[in-house]
Amino acid sequence: MQKKYIPSDIEAKWQKIWDESGMYTADDSSSKPKRFVMEMLPYPSGASLHVGHMLGYVATDVYARFSRMSGYNVLRPVGWDAFGLPAENYAIKTQTLPQESTAAAIKASIEQLKRTGMGYDWAREVNTSDPDYYKWTQWLFIQFYKEGLAYKKTAAVNWCPKDQTVLANEQVIDGKCERCDTEVEQKELEQWFMAITKYADELLEDLDHIDWPASTKAAQRNWIGRKEGIEITYAIDGSDETVTVFTTRPDTNFGATFIAMAPEHPLVEKITTPENQKSVSDYIESVKNKTELARESEGKDKTGVFTGSFAINPLNGAKMPIWISDFVLSGYGTGALVGVPGHDMRDFDFAFKFGLPIVRVVIGSDGDTSPITSAAQVQEEEGKMINSGFLDGMDIHAATEKMMDHIEKEGYGKRVVSYHLRDWLISRQRYWGAPVPMIYCEKDGWNPVPESELPVLLPTDVDFQPTGESPITRSKTFQEGVTCPVCHGNARREVDTLDTFVDSSWYFLRYCDASNTKEAFAKEKVDKWMPVDLYIGGDHATTHLIFARFFVKALRDMGLLSFDEPFARFFKNGHILGEDNRKMSKRWGNVINPLDLITKFGADTMRMYEMFMGPLEDSKSWSTSGVEGIYRFLNRVWTLMQTEATDATPDKEALFMMHTSIKKITDDIEALQVNTAVSHFMKWYNFLSERKHISQEEKEIFLKLLAPFAPHMSEELWHDLKGEAAESIHKQSWPVSDNQYLARNEALIVVQVNGKLRGNLTVENSEAGDQAKVEALARQDAKISSWISTGVKKVIFVPGKIINFVV
RNA sequence: GCCGCGGUGGUGAAAUGGUAGACACGGGGGCCUUAAGAGCCCUUGCCUUUACCGGCGUGGGGGUUCGAGUCCCCCCCGCGGCACCA
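Each residue of the first sequence is one higher than the one before, starting from 8 at the first, in our numbering.
Keep in mind that a hint or two might mislead.
Below, a list of computed lysine-lysine pairs in the DSSO-like style, where the Cα atoms sit at most 27 Å apart [claimed, not checked]:
(1) LYS535 / LYS525
(2) LYS194 / LYS160
(3) LYS205 / LYS530
(4) LYS39 / LYS671
(5) LYS121 / LYS579
(6) LYS159 / LYS169
(7) LYS205 / LYS160
(8) LYS160 / LYS450
(9) LYS607 / LYS671
(10) LYS711 / LYS729
(11) LYS10 / LYS121
(12) LYS593 / LYS627
(13) LYS360 / LYS277
(14) LYS23 / LYS671
(15) LYS224 / LYS627
(16) LYS670 / LYS699
(17) LYS153 / LYS142
(18) LYS100 / LYS483
(19) LYS183 / LYS309
(20) LYS234 / LYS391
(21) LYS590 / LYS121
(22) LYS360 / LYS295
(23) LYS41 / LYS530
(24) LYS100 / LYS169
(25) LYS121 / LYS11
(26) LYS234 / LYS309
(27) LYS416 / LYS326
(28) LYS671 / LYS738
(29) LYS659 / LYS579
(30) LYS711 / LYS659
(31) LYS607 / LYS670
(32) LYS790 / LYS780
(33) LYS699 / LYS11
(34) LYS690 / LYS671
(35) LYS690 / LYS627
Cβ pair distances, simulated, as ranges [what the hints assert, rightly or not]:
(36) GLU389 / GLY155: 39 to 45 Å
(37) THR524 / ASP213: 29 to 35 Å
(38) THR480 / ASP451: 38 to 44 Å
(39) SER796 / GLY636: 46 to 52 Å
(40) THR480 / ILE319: 46 to 52 Å
What the hints contain is simulated information worked out from the structure, not anything from laboratory work. Using N, Cα and C, we set each Cβ at its ideal position, and we do this for glycine too.
Work out the full structure: start from the sequences and follow the hints.
Next up, the structure:
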């Protein structure tokens, strides 16, 4: 009597048994080699997970199951990135508490993940909004503070007027808030920062030592934006003040005709002459009211105002007027630049608009030596120096070095390295996050909350509507009885909360020691499990992935751990789009809920289909008929496994196919080329089904290889095969391919004429490397001989593979 | 503009410099069935052809090679990151 494949009959049953068996529990004391395999932790806001989220999770699960069967001690944890704006906004919209809506979202997600058959070690579950977790987030913040890596300063920061909070640079996309797409404003505010720039060079260099996608590494390199240049200090005519600029191209400085400073530059006030006072302050006022986006979109239409002061160019004694313009960024370099309008487009636009002199100091390959009067003549990237004294005739790049040497020798400048990377702004004026654990006292300033008093609990007596100041300000209890840790006088707590990226910068460390109540994590446990051997997730190159790297390096320098990088291998999974090629969203009605799919086809079909869709790193659209195809395939496998197995050992062809399959599927999983692994199952199935007989051994190996992909079905069939009392298939050893079966008796030799396929020969393996023999056989072939009748000039022979006649 | 990744049938896609299109989806035809569905079998890059044979074919143009989807040069297009960064 053949059983029918009814996924719902078997999946819940096995999930329960696996859960109770504890077979996914990672062993802290095992002597087996470890593998730490994880996906980016889910973000439980209002909407539940859709099939797109599952892509990376399933891939991680396949890899973890494969690793476990391959003899590794596997750590595969799960957690919740539970704090944060979307969850808070969702709570406001639905008039619930974020505590409640988040808990509900987590509950729903757990069901989805469990019913997908994920093999997590639930004992290590982490929830970043749990006081038992954020206690240690706060503790870590204090350690950063003690090291001088967390500090408070007043700076121009990004402000989202809709979400009513500051944002990190990394959260501003094209001048807009990454969450709500509102144009970001600049505000001068006192905020907490993390000194990630101290690690800029190491963050850059260590990219060479980690196995990450080229695009992610490139994005981080761009973001760090290391540039070698020089800071030049100019005297200001008739003043004791000096102005320092940063430039990467001092070679053109004989052509410098003005200085431009950011409106925020501290020198502005001091050097503005009385008659320019009004126009300067008017300009600064007008700039303040512009959004960042408006400032950027000005492009060629530069704005600016003259301060009335001049800087002296020591190269030629030229008096360079000092202007203020908002195209100069206060945060980059020194916040001031030297304008060389002949050889920089932006400087040209500025000088052209305000009638400043333009001097040619470079001749490009066009040979033009005439005065520069149009943008087309601006020579930026190549050429030879002219009108530049000791640099004349030199290539611009050599001249750059020579000029830097000159300036350093003359003592008015120094080579420096400049970065695009800014310190990370971590305080937020919102409710749903970990309170910054700091106390302010008039007398002693800022001091950390004593560690014995952690966690600083998020108060619940709060109306958390965003107003621009932290909602915690409105709590009646939060400031009760707060005293200064130094003088014990009256004091107040910091009311801002930490950016959620702080929470997610160390959660992988907590996974290593999730229930530790004495420490954030024990060093020896973290050192045992870390670094993460495989990390799968979305492309958060310039946010989470750079913050986590910074955290690990900083914690290493504090002696809390002893490795350099958190994620030895990172794999970026693509997105799954709706069947209509649009992003899955309620708005388009194209969302596929995993539970609906599981109900209809089973978790194994969903898993297998997602692995089969295409390369894991590519984005691709959902296809219902594709799902059905996989469902049909699993049904065929089910039927095949119901057929009576022969006792005979597999014949040579069957062994060849079996060992080829072991090798192919093993290599593909290791490389995460899961789509071709699945297609190989189909190939092997097609082979077995054509032969109409299958041995016990083939069944066993097939099921073992299938287990990571279709854990429920393979487990059920495994027990059909081995008896009810048999040990779980997921505890079996991964099959190993044996090279002796990969050799075949016969070889197929492709025959080409002038590189074009004209036929093929099947020869005994022993003769496949014998050119004379193969050549003779090929020449005898009637079809071939007609192609080479005009005479053979040359024969190329690749033993066992190809013979090519050149005629 | 700079950096990175891509471009292969109707579709998703395979191919250590060595038979391009594996494996699927979809399509066409057939078997089974009163019928539908399921299942099974055949077929399916394009052109020519009843068929065979052949020709063409991996964004475009050059090159290296006995042989190029794959390597090199130039160009076009798409996606992603950065961007008034001095």
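Hints versus structure:
Of the supplied pair hints, the one linking LYS535 and LYS525 holds, its CA atoms being roughly 18 Å apart against a limit of 27 Å. Between the alpha carbons of LYS194 and LYS160 the distance comes to roughly 13 Å, so the proposed pair stays at or under 27 Å and holds. Proposed proximity of LYS205 and LYS530 is supported: the alpha carbons are some 24 Å apart, at most 27 Å. Proposed proximity of LYS39 and LYS671 is supported: the alpha carbons are some 25 Å apart, at most 27 Å.
About 23 Å separates the Cα atoms of LYS121 and LYS579, which keeps this hinted pair within 27 Å; it holds. Between LYS159 and LYS169, the direct Cα distance comes to roughly 24 Å. Compliance with the 27 Å bound is thereby established for this hinted pair. Proximity of LYS205 to LYS160 is assessed by CA-CA distance (about 16 Å); at most 27 Å being required, the pair is judged to hold. For the hint pairing LYS160 with LYS450, the CA-to-CA distance comes to about 18 Å; that is within 27 Å, so the pair holds.
Between the alpha carbons of LYS607 and LYS671 the distance comes to roughly 31 Å, so the proposed pair goes past 27 Å and is violated. At most 27 Å may separate the alpha-carbon atoms for a hinted pair to count; LYS711 and LYS729 meet this at roughly 12 Å. Using a Cα cut-off of 27 Å, the hinted pair LYS10 and LYS121 holds, with the two alpha carbons roughly 25 Å apart. With a C-alpha separation of about 18 Å, the suggested pair LYS593 and LYS627 falls inside the 27 Å cut-off, and the hint holds.
Proposed proximity of LYS360 and LYS277 is supported: the alpha carbons are some 26 Å apart, at most 27 Å. Proposed proximity of LYS23 and LYS671 is contradicted: the alpha carbons are some 32 Å apart, above 27 Å. Pair hint LYS224 plus LYS627 holds up; C-alpha atoms about 23 Å apart against a cutoff of 27 Å. The straight-line distance between the Cα atoms of LYS670 and LYS699 is roughly 23 Å, inside the 27 Å bound, and the hint therefore holds.
Our distance criterion of 27 Å between C-alpha atoms is met by LYS153 and LYS142, whose separation comes to about 17 Å. Our distance criterion of 27 Å between C-alpha atoms is met by LYS100 and LYS483, whose separation comes to about 24 Å. This hinted pair checks out: LYS183 and LYS309 have alpha carbons roughly 22 Å apart, not beyond 27 Å. A C-alpha spacing of about 22 Å is found between LYS234 and LYS391, which places the hinted pair at or below 27 Å, so the restraint holds.
In summary, the hint linking LYS590 to LYS121 is supported, as the alpha carbons are separated by about 25 Å, within the 27 Å threshold. Distance hint between LYS360 and LYS295 is fulfilled; the C-alpha atoms sit about 22 Å from each other, no more than 27 Å. Proposed proximity of LYS41 and LYS530 is supported: the alpha carbons are some 16 Å apart, at most 27 Å. Our distance criterion of 27 Å between C-alpha atoms is met by LYS100 and LYS169, whose separation comes to about 14 Å.
Under the criterion of a C-alpha separation no larger than 27 Å, the hint pairing LYS121 with LYS11 is consistent with the structure, at around 24 Å. Under the criterion of a C-alpha separation no larger than 27 Å, the hint pairing LYS234 with LYS309 is consistent with the structure, at around 25 Å. Between LYS416 and LYS326 the alpha-carbon distance is near 22 Å, which keeps this suggested pair within the 27 Å criterion. Proximity of LYS671 to LYS738 is assessed by CA-CA distance (about 21 Å); at most 27 Å being required, the pair is judged to hold.
Only pairs whose Cα atoms come within 27 Å are accepted, and LYS659 paired with LYS579 is rejected, the gap being roughly 40 Å. With a CA separation close to 21 Å, the supplied pair LYS711 and LYS659 stays within the 27 Å bound. In summary, the hint linking LYS607 to LYS670 is not supported, as the alpha carbons are separated by about 33 Å, beyond the 27 Å threshold. Under the criterion of a C-alpha separation no larger than 27 Å, the hint pairing LYS790 with LYS780 is consistent with the structure, at around 18 Å.
As the CA atoms of LYS699 and LYS11 are separated by approximately 19 Å, the hinted pair is consistent with the 27 Å bound. Only pairs whose Cα atoms come within 27 Å are accepted, and LYS690 paired with LYS671 is accepted, the gap being roughly 11 Å. Under the criterion of a C-alpha separation no larger than 27 Å, the hint pairing LYS690 with LYS627 is consistent with the structure, at around 23 Å. Distance hint check: the CB atoms of GLU389 and GLY155 are about 44 Å apart, consistent with the given range 39 to 45 Å.
In this structure the hint that THR524 and ASP213 lie 29 to 35 Å apart at CB holds, the actual value being about 33 Å. The beta-carbon spacing between THR480 and ASP451, approximately 21 Å, falls outside the hinted interval of 38 to 44 Å. Remark: the range hint 46 to 52 Å for SER796 to GLY636 is upheld by a beta-carbon distance near 48 Å. Taking the beta carbon of each, THR480 and ILE319 are about 51 Å apart, inside 46 to 52 Å as hinted.
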